[in-house]
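Line by line, the protein sequences are chains X and G.
Under the numbering used here, the first residue of the first sequence carries the number 10, and numbering increases by one thereafter.
Under the numbering used here, the first residue of the second sequence carries the number 10, and numbering increases by one thereafter.
Just so you know, nobody snuck in bad clues.
Straight-line alpha carbon distances no greater than 30 Å define the calculated DSSO-like cross-link-like pairs of lysine-lysine that follow:
1. Lys72(G) - Lys79(X)
2. Lys100(X) - Lys79(X)
3. Lys79(G) - Lys100(G)
4. Lys72(X) - Lys79(G)
If the Cβ cut is set under 8 Å, some of the chain X residues that face chain G in the computed set are:
5. Ala21
6. Val27
7. Asn92
Hints in this document: simulated from the structure, not taken from any laboratory.
Only a predicted model underlies this, so the values are computations on that prediction, with no experimental measurement involved.
Ideal Cβ positions, reconstructed from N, Cα and C, are used throughout, including at glycine.
Protein chains: 2
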Amino acid sequence: MIAQTPEPPYYAVIFTSVRTAVEDDYQATALRMVELAETMPGYLGHESARNELGITISYWTDKASIRAWKQHAEHQIAQERGNKEWYLAYKTRICLVERDYDQTTYKH
Amino acid sequence: MIAQTPEPPYYAVIFTSVRTAVEDDYQATALRMVELAETMPGYLGHESARNELGITISYWTDKASIRAWKQHAEHQIAQERGNKEWYLAYKTRICLVERDYDQTTYKH
Chain X
10 MIAQTPEPPY YAVIFTSVRT AVEDDYQATA LRMVELAETM PGYLGHESAR NELGITISYW
70 TDKASIRAWK QHAEHQIAQE RGNKEWYLAY KTRICLVERD YDQTTYKH
Chain G
10 MIAQTPEPPY YAVIFTSVRT AVEDDYQATA LRMVELAETM PGYLGHESAR NELGITISYW
70 TDKASIRAWK QHAEHQIAQE RGNKEWYLAY KTRICLVERD YDQTTYKH
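Chain X with its partners taken away, still in its complex shape:
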């Protein structure tokens, strides 16, 4: 689903990745991280898609919330395993969403 975010400004964390072939705990951990992120102060929503490239975007009210999430103990363990096992390469971008516009009238 398209994340229902408030009026800008707010923050986006774009996580782009290429996976290894290692499946051990990957799906379960990914689901658990979404579940956990949803409980964090400042969390606004997330969007995700994967083909050869995976893109996960999480939305946050401010940078302090992003920092707190990055440093969450269980998330740190997952990041460590991501580095070692699940990701061949990744890039994280911290972004200030300045403006947005949409069309969400389901016409069909």
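We have chain X; now place chain G onto it with these hints.
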């Protein structure tokens, strides 16, 4: 591929969408738009993935470049068809990338 972008700051346009079942010209137009975007001043790269949700992110040096791309005549026609035929819903977010970090050592 993960887009090779320069040191921040730069801009990201996050386009999140849900497709209709209409296939007419969609793939060809999507490819053509990437080809065209690559010729635009200020274009830095793009990343794309789609499952139920589609996420396309294009990267730009500045907001003026994003505006010029949005107003490009051929892109305007594509946007119009997107509204009417290809997208059930979408959201566009204009973001200032403040910081990024990566791990792109292919270890496996």
